[in-house]
Amino acid sequence: MGSPMTLAAKLWESHVVSSPPGGPDLLYIDLHLTHEATSPQAFDGLRLAGRSVRRPELTLALEDHNVPTSPLAVADPVSRTQLETLRRNCETYGVELYSLGHRRQGIVHVVGPELGLVHPGMTVVCGDSHTSTHGAFGALAFGIGTSDVEHVLATQCLELPRPKTMAVDFDGGLPRGVGAKDLVLALIAEIGPNGAQGHMVEYRGAAVRGLSMESRMTLCNMSIEAGARAGLVAPDATTLAYLKGRPYAPDAAHWDAAAAHWATLRSDPGARFDRCVRIDVSALTPWVTWGTNPAQAAPLASEVPAPDAFADPLDRASAQRALGYMDLVPGTPLRDIPIDVVFLGSCTNGRLEDLRAAASVLQGRSVADGTRLLVVPGSMEVRAEAEAEGLHEVFLASGAEWRSPGCSMCLGMNTDRLVGTVRSASTSNRNYEGRQGATARTHLVSPEVAAATAVTGRLTAPADLA
Amino acid sequence: MRGTEPVEPFTEHTGTAVAVRRDDIDTDQILPAEFCKRVVKSGYADALFKRWRERGDCVIDRPEHRGATILLAGKDFGIGSSREHAVWALRDGGFLAVVATGFGDIFRRNALNNGLIPVDLPAPVVEGLMDRVEADPGFRLTVDLRSCRLRWADQGADFVIDDRARRMLLEGKDAIEQTLLRRDAIAAYEARRAPWMPAVPRGAFDAASATAAR
Ligand code: SF4
Numbered sequence: 001m002g003s004p005m006t007l008a009a010k011l012w013e014s015h016v017v018s019s020p021p022g023g024p025d026l027l028y029i030d031l032h033l034t035h036e037a038t039s040p041q042a043f044d045g046l047r048l049a050g051r052s053v054r055r056p057e058l059t060l061a062l063e064d065h066n067v068p069t070s071p072l073a074v075a076d077p078v079s080r081t082q083l084e085t086l087r088r089n090c091e092t093y094g095v096e097l098y099s100l101g102h103r104r105q106g107i108v109h110v111v112g113p114e115l116g117l118v119h120p121g122m123t124v125v126c127g128d129s130h131t132s133t134h135g136a137f138g139a140l141a142f143g144i145g146t147s148d149v150e151h152v153l154a155t156q157c158l159e160l161p162r163p164k165t166m167a168v169d170f171d172g173g174l175p176r177g178v179g180a181k182d183l184v185l186a187l188i189a190e191i192g193p194n195g196a197q198g199h200m201v202e203y204r205g206a207a208v209r210g211l212s213m214e215s216r217m218t219l220c221n222m223s224i225e226a227g228a229r230a231g232l233v234a235p236d237a238t239t240l241a242y243l244k245g246r247p248y249a250p251d252a253a254h255w256d257a258a259a260a261h262w263a264t265l266r267s268d269p270g271a272r273f274d275r276c277v278r279i280d281v282s283a284l285t286p287w288v289t290w291g292t293n294p295a296q297a298a299p300l301a302s303e304v305p306a307p308d309a310f311a312d313p314l315d316r317a318s319a320q321r322a323l324g325y326m327d328l329v330p331g332t333p334l335r336d337i338p339i340d341v342v343f344l345g346s347c348t349n350g351r352l353e354d355l356r357a358a359a360s361v362l363q364g365r366s367v368a369d370g371t372r373l374l375v376v377p378g379s380m381e382v383r384a385e386a387e388a389e390g391l392h393e394v395f396l397a398s399g400a401e402w403r404s405p406g407c408s409m410c411l412g413m414n415t416d417r418l419v420g421t422v423r424s425a426s427t428s429n430r431n432y433e434g435r436q437g438a439t440a441r442t443h444l445v446s447p448e449v450a451a452a453t454a455v456t457g458r459l460t461a462p463a464d465l466a
Numbered sequence: 001m002r003g004t005e006p007v008e009p010f011t012e013h014t015g016t017a018v019a020v021r022r023d024d025i026d027t028d029q030i031l032p033a034e035f036c037k038r039v040v041k042s043g044y045a046d047a048l049f050k051r052w053r054e055r056g057d058c059v060i061d062r063p064e065h066r067g068a069t070i071l072l073a074g075k076d077f078g079i080g081s082s083r084e085h086a087v088w089a090l091r092d093g094g095f096l097a098v099v100a101t102g103f104g105d106i107f108r109r110n111a112l113n114n115g116l117i118p119v120d121l122p123a124p125v126v127e128g129l130m131d132r133v134e135a136d137p138g139f140r141l142t143v144d145l146r147s148c149r150l151r152w153a154d155q156g157a158d159f160v161i162d163d164r165a166r167r168m169l170l171e172g173k174d175a176i177e178q179t180l181l182r183r184d185a186i187a188a189y190e191a192r193r194a195p196w197m198p199a200v201p202r203g204a205f206d207a208a209s210a211t212a213a214r
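Taken in sequence, the protein lines are chains A and B.
Each residue of the first sequence is one higher than the one before, counting from 1 in the numbering used here.
Each residue of the second sequence is one higher than the one before, counting from 1 in the numbering used here.
Hints are computed from structural coordinates only; laboratory data are not their basis.
On a predicted model such as this, the values are computed, not experimentally measured, just so you know.
Even for Gly, the Cβ is constructed at its ideal location relative to N, Cα and C.
Some hints here could point you the wrong way.
Derived, one-sided and incomplete: chain B residues facing chain A with beta-carbon distance under 8 angstroms [stated by the list, open to error]:
{"no.": "1", "residue": "29"}
{"no.": "2", "residue": "41"}
{"no.": "3", "residue": "179"}
{"no.": "4", "residue": "199"}
The whole structure should be built from the sequences, with the hints applied where relevant.
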């Protein structure tokens, strides 16, 4: 028996292709997801060097960042060129692509898992920082830039310095009405927007074990908002139940062998982490952001903080600047903040479970006058499943817009962009200055809070509704 | 680490600097998402810090800092989105190094892949340099990649940088070529992958659904 290993170390070591003395390890990449926004220059690089794609069948391309979500004609010529470039590249290099209109099109981080493409024990990369999502399956998954996208296309490998390990233990049971989004906002507020820099984070504890796969994806998705290289949850019965029967899950002939291997994918008792954080979640309540990075978050039941309340002078300056941008006055109850637009969607909270949670709040209620609610399912599959359950009828009856899949208002890139100093409540992952539109002000919220907020037109938890 | 563009070895650079006194500068600030619609790898100078510059009086645009090649910033520079466009914009804006206290992991790697040197130094050192640069815009700094040291006047500070990336930059090597040299090891690894690992051959999903529908 060797010394006890962390899950992250097991994943890392099982993918080492070669390990030159003194140099970083060369890792094999099992699955590469790609999309129109960060791949054109990578394919160009291949073309210029006369290289081919080593394993085209290990890459899946999707159109998500730059697609309209209603109506579906791509009016902007620059966007059209980008989509056409992806289509041409996929054809030339033999890469599978689910284009706008395909019945499996959607956001990369929603579609990969729902196809059963992400298994425990894999390495997954994508030219997108929220690739951390896939760690929910006990896979080592991280975002890369375009040069590395090119490297993976050409070699199916990446040479990487080995990150450190960090354990985050969520102690206690999650109270009712509190979910993964609240959990992760509380964590990021605790450790900071780059607090997990250089670390692969494993989430543990009873609260995590009790989360569905969708919620684990929400949690791992936001790992990058704490600066983590990757987020991980060890696979268990919940993981297996989610995977079984999906199109790209192991077939019957391999299932038992795969499951037996997956059972070994956990941190051994006594495994040493470079850093440990414990958070008691038994008294957690819904959280929202008030500032301009995801760490500037607080319980919805609290108030806009005063910059003076921060001991660290850097945090104080940063809060001061954020309140200026957000046009908020310290001491204002967060529940009094009026909201113009509510966005329900993104790779963080655009899955069926999220839509169900929001619909259950909206059932029999209406979106407030002067407030707009966009519901954007994360994929065509989520959209179809939601429609099969009649969720779209709940949304439409409440006065919400029921749209087609894409990144939509998560980032100010496609046509779903906020114009002017509009204030939004958004289930996405980034509240940076200008993220949803040049001067837009974003509050990050859970799907439940998004729905309740749409009803009242101010930041609201479902429990606050009469 | 770099792609296929002609790679010029980087050993040392001396230039003037501009100080952006701000922490947690995310890549959406460096380059807003709307510029990620382009399909090219250069020509992003107009997009650099676009939102701040639109609002006017951005330190980057002050005449006394024209020609600066080193950017000084607060803690945790380049967090957030993986967009390499942010690095291309800094490079197109004339920058060869960023001196800050901590970097976003993906940004740090993207920077090294493009020959933009991330110089990670403690906050008091960076703040001291900001004071100097603000007092004297002609103040010059030298980034020495051979000794991993930032030098100014008669002083200096050592920084840590990924050693492999450093050697690739010093020698001007193409990273993909280096990995391709190990094709035998890659093929050997592929031969021992688990048999249930998924693959998505082009057209297979539609073909399978068509069969199932029949
Ligand atoms: S939904 Fe937002 S965070 Fe997720 S992949 Fe799209 S743009 Fe990125």
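For each hint, the structure was consulted:
1. Taking 8 angstroms as the C-beta cut-off, the interface hint given for residue 29(B) holds, the closest approach to chain A being about 6 angstroms.
2. Look at residue 41(B): its Cβ gets to within about 4 angstroms of chain A, closer than 8 angstroms, so that hint holds up.
3. At its closest, the beta carbon of residue 179(B) sits 4 angstroms from a beta carbon of chain A; the interface hint therefore holds under the 8 angstroms criterion.
4. Because the beta carbon of residue 199(B) sits about 4 angstroms from the nearest beta carbon in chain A, less than 8 angstroms, this interface hint is met.
Checked against the numbered hints given earlier, this structure breaks none of them.
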